[in-house]
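Student: Chain by chain, the residues:
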Amino acid sequence: MDKVIVDCSTGEQTVVPLTAEEIAELEAAAAQAEQDRLAAEAEAATKAAARQALLDKLGITQEEAALLLS
Amino acid sequence: MANTYVLIASNTLSSSAASVTFSSIPNTYTDLVLRTSARSTRSGIDDGFAVVLSSNTNTIYSHTSINGTGTAVQSDYNYNMSNFYAGHIFGINGNTTTSSTFSSGEFYIPMYASSNKKQLSFVGANETNATAVQIGAAALFWNSTSAITSISLSSLFGGDLMSGSSFFLYGIKNS
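Each protein sequence line maps, in turn, to chains E and L. First residue of the first sequence? That's 194 in the numbering used here, and the numbers climb one at a time after it. First residue of the second sequence? That's 308 in the numbering used here, and the numbers climb one at a time after it.
It is possible that some hints are incorrect.
Short derived list, chain L residues pointing at chain E, Cβ under 8 Å [unchecked claim]:
(1) 327
(2) 329
(3) 335
(4) 364
(5) 367
(6) 371
(7) 375
(8) 385
(9) 389
(10) 392
(11) 403
(12) 464
Label pairs and their calculated CB-CB ranges [stated by the list, open to error]:
(13) E/204 to L/377: 33 to 43 Å
(14) L/446 to E/234: 44 to 54 Å
(15) L/337 to E/220: 44 to 54 Å
(16) L/406 to E/213: 45 to 55 Å
(17) E/263 to L/377: 49 to 59 Å
(18) L/342 to E/195: 17 to 27 Å
(19) L/321 to E/263: 19 to 29 Å
(20) E/246 to L/319: 45 to 55 Å
(21) L/473 to E/215: 20 to 30 Å
(22) L/406 to E/251: 22 to 32 Å
In case anyone wonders, no lab produced these hints; they're calculated from the structure. From the three backbone atoms N, C-alpha and C, an ideal C-beta is built for every residue, glycine too.
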């Protein structure tokens, strides 16, 4: 795995292999991001299910609910 | 009102890379704009940028964002992280999008060289020939009074930035 560095003071561009520490940091950050993504999706799904359950209970559609709140 | 818009540096990847860093950013501008067009090797439709400023990986990065596909919307926030989620699932095309398509994005970084804490913004849209693709916007807070001297971008989910991805860093002066 390489990283590209663009030096804005000179315009020079270099390609440098990542160190083991940098690879570990990237992998840890990616794992955290994936965990956060799954949590956000689960939260969104829970909210959507609760919203639909309420609409079903009221016997109205989402469009009708939006009309009531407009 | 900005009256200059100067290209500081740019890069178009000729082969895949884990990250792209703009280093030694001059402190002679008022604001920075970073335009991106990117695709990653992540297996999936969507990806986002992980961003580190000035090589600082302390837990001083916070973000909140909203994104959607046109039929569904989602918001999320994270605070005191070691990098920005600049587009949690938007901002970079994943590698199952239509071949040779790339996302479009823009970071706006006001007062990057000041001694105040920094607020940034990011807007991005992915691209694919399908009925649903993510677009979104994020507000970013960097809890540091240091000047921003470098910007590093990588795939949020650990993919490589693919060949053909391009990055353009502009400086803006207010006078």
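Student: Which of the numbered hints above does this structure break?
Tutor: Those not satisfied are hints 3, 5, 6, 7, 11, 14, 15, 16, 17, 19 and 22.
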